[in-house]
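J.: Here is what each chain is made of, one letter per residue.
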Amino acid sequence: MLKFVLKRIIYLIPTLVLVAALVFLLIHMIPGDPAAVILGPDATAEDVASVRQALGLDRPLYEQFVVWLGNLAHGDFGVSIHSKRPVIDSIGERFPVTLCLTTLALVFALVVALPSGVLAAVYHNTNKDYLFMIGTILGVSVPGFWLGLMALLVFSVQLGWFPSTGFVAMWEEFWEGLRYMILPAITLSLFMAAVVARMVRSSMLEVLRLEYVTHARAKGLSEWKVITKHALKNAFAPTLTTIGIQYGMLLGGAVVTETVFSLPGLGKYLVVSIYMRDYPVVQGCILFIALVYVFINTIVDLLYGYFDPRVQYS
Amino acid sequence: MESLLSIENLEVSFHTSHGVAQAVCGVSYDIGRGEVLGVVGESGSGKSVTALSVLRLVPYPGRISAGRINYEGRDLLQIPEKQMRKVRGDRISMIFQEPMISLNPAFTIENQLTEALHNHRKMSQKEARERAIEMLALVDIPDPAKRIKDYPHHLSGGMRQRVMIAEALLLDPDVLLADEPTTALDVTVQAQVLDLMHRLNERIGTAIMLITHNLGVVAESARRVVVMYCGRVVEQGPVKEIFEQARHPYTQGLLKSIPKPGGRGKLYEMDGIVPSLFELPTGCPFNPRCPQRRPECGKSAPPWREVQPGHHALCWLYA
Amino acid sequence: MFWKKFLHNPIGMIGVIVIAMNIFMAAFAPVLATHNPLAINVAQQSEEPSAQHWFGTDEFGRDIYSRVIYGSRISLYISLFSVLVATFLGVAIGATSGYYGGWMDNIIMRIMDAVMSFPAILLAIGILAVLGPNLSNVVLALGLVYTPRFARIVRGSVLSLKEKEFVEASKAIGNGDAFIIFRHILPNCTAPLIVQATASLAYAILAESMLSFLGLGAPPPAPSWGNILSDARNFMMDNAMMTVFPGLAITMAVLGFNLVGDALRDVLDPRLK
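Chains as they are written, first to last, in my numbering: chain A, 1 to 314; chain B, 1 to 319; chain C, 1 to 273.
Some hints here could point you the wrong way.
Partial list, computed: chain A residues near chain B (C-beta under 10 Å) [unchecked claim]:
hint: 1; residue: Lys3
hint: 2; residue: Phe4
hint: 3; residue: Leu6
hint: 4; residue: His124
hint: 5; residue: Phe155
hint: 6; residue: Arg209
hint: 7; residue: Glu211
hint: 8; residue: Val213
hint: 9; residue: His215
hint: 10; residue: Glu223
hint: 11; residue: Lys233
Lysine to any residue pairs mimicking SDA-like chemistry, simulated, CA-CA at most 25 Å apart [unchecked claim]:
hint: 12; chain 1: C; residue 1: Lys5; chain 2: A; residue 2: Lys225
hint: 13; chain 1: B; residue 1: Lys122; chain 2: B; residue 2: Arg68
hint: 14; chain 1: A; residue 1: Lys229; chain 2: B; residue 2: Ser300
hint: 15; chain 1: A; residue 1: Lys225; chain 2: B; residue 2: Thr16
hint: 16; chain 1: A; residue 1: Lys128; chain 2: B; residue 2: Ile79
Honestly, the hints are just simulated from the structure, not real lab data.
Virtual Cβ for every residue (Gly too), placed ideally from N, Cα, C.
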């Protein structure tokens, strides 16, 4: 098992270097002189030169990359042009909000998707199943951020059930903080819920017609046990992969959701930094979110072996 | 011999978008306490569906539309589902054709064996494991205390079928429904598994319904044979008589197509193919392929007649 | 055979109708619109829906109904061209990578993996942050982000096909690599490519609306659905109705492609039904 984990992590390194390289190259995609673009049209030549030097833009490309990679390895994500603070510090302050949001959304999505997908498979080709299919196809078609706007209008502005301004962190006051998170998390989770629910349904359908399910019934197990133990554990393996991939949708969607609900998370920070042309922050945020995504999918890969013991030794 | 389980006029139909298929059509036979009964037929003859009907596990879209299954003075088709679950795996258990896919790949052998025990008896995990290991030893699995921690994919096909048999016999059931238990195995392993089942039958006294398409498998282990064709029992009798004096032309055809040791020449092949269950011929379903067809065979259903004491055939030849 | 099955699939047909309505809306926008979508009217700011302004007006007095109608043009333009870019690049990269194999295949697929290590919308945001928001940059950004999905499909089928006898035979009679790829290999992966393209069209419409909501899509005052929602967000208290219609328009557009995508999958891969 340990060997498997190590192998998986070693395999990860080239991908991580390439991910870093792509983010590094972003700043060089800026048409013209990045330093001039960052400072805007009113900047003096000296200002431009000093920014060029601060960003290391005056050195050869490969040298810049090696230095940048070295800094990253030490946890140095650069310094914000606007606030002059280390980017990683600002990320550290804002990421917990994004993590809360995406984790809550993940929980909502699974709470909806697992039972409904299982039920749809059990009631295959009945009205319940058709209703489920209509629901999920709507779920992947409705833009979550629009639903967020609508929810904000109805539940916060009109009905006043949830706060429409300000923010309280969940780790400071749990219940009050939760009130700020519920609408964003639910509207963010819908897309993922629909995708995962469909995956649960189709893999359950595949599993339910296998002989070991009949065998489990022939043992005298209750239908509940047959489905929740024998079928679900097998059906969950492919679902887990989908959950990992869809977590990226949550991280990406969080950027828009945080903007809609004015949540002080990493996504909102990224958007504001784009408006301010604070490129080191833009790079830092994007790289950080990508790393989180890669990390989550590595965990998913490692968990996969639990649900499908056949993969561990192959 | 005292009758233990008797199937009476069982009818099972599958309702699909192509129409209704009558998979089992008025099947009756019984199995005595401790008996080994061979049920022989080609695929689609309804032999597996009949076995699944005994446990009320006919897969969707199949439905048991009529009949009785008498066991211990009750009709299994009428009792509540909750009581039926107490019968499954405890009094009547079943093993399947493909040991590769009938054990759950996601759980250890121990988990799957002890689960069956916990489901029907109150016992500690330790007791359950000991019983499971004892049973694995009984089916000749080497080093059972170690093997029990394995997942099914660690075992060979023959070993998996042994595990299946061990699981099925954990609770000393009255009947074991064995659906093509050796078909998926290598020839040498087939003989070992058959031999094992035969020995267990003698030792534990569990009656075995041995379902197979291969008459050869039945010859050595069964005492009586039921031959099925297109959802009907076409002949039934003691194994010796069936092999020496088969009455139904279909059974005769099956016998002629068994390769004989040292035999020469071309193997006999029956004319035609098994008809689709959606469009069965009228009269006797075998009549289009029958070498001894008579005018009445295509008109009305043949009668069920006793041709010798304890030996019946469903054929116009004996009307 | 394929078309007959597809035409008998009610879900697919509903999807086709929804897409056709969307295309009709984009093609005949000047006829369908009641006002100039960019015309500012200070006398009629933030009005509720009325006989004159069916969906109401925004904070500049622009007619929202007309803006929503014209919005379908931007949405269709971006989704169609970004998926075209992604298909073209994906096929080129996947076919080259799979056909020639070796270290080049290794490097290319590693890069594709790296691109897929980013949440799709995030990478598009990053690219647009540096290139600046305009329509062709959105097409380029989404196209690049969706390229690996197509490349993987094509590479997979190239790998499974290139050892086949008919390909060997074609090589033996002296046909060039390009000929073999176009004549023998690509026609065999059209089915999964079509399914992927349909799904990507749906994603691209959603992504475009998100990007322009963030101010990274078509620059204002262009009437993209995301822009209208972004205005609605800022003036939510004045006119709540402004929020409803652009969202419904996005939902319908995405729904059409999702329905067709589902039907195609059912027809092409019945196992998943």
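J.: Each hint: holds or not?
T.: Structure-based check of each hint:
no.: 1; hint: Lys3; verdict: 18 Å, violated
no.: 2; hint: Phe4; verdict: 15 Å, violated
no.: 3; hint: Leu6; verdict: 22 Å, violated
no.: 4; hint: His124; verdict: 8 Å, holds
no.: 5; hint: Phe155; verdict: 42 Å, violated
no.: 6; hint: Arg209; verdict: 8 Å, holds
no.: 7; hint: Glu211; verdict: 4 Å, holds
no.: 8; hint: Val213; verdict: 8 Å, holds
no.: 9; hint: His215; verdict: 5 Å, holds
no.: 10; hint: Glu223; verdict: 9 Å, holds
no.: 11; hint: Lys233; verdict: 5 Å, holds
no.: 12; hint: C:Lys5 - A:Lys225; verdict: 39 Å, violated
no.: 13; hint: B:Lys122 - B:Arg68; verdict: 31 Å, violated
no.: 14; hint: A:Lys229 - B:Ser300; verdict: 50 Å, violated
no.: 15; hint: A:Lys225 - B:Thr16; verdict: 28 Å, violated
no.: 16; hint: A:Lys128 - B:Ile79; verdict: 28 Å, violated
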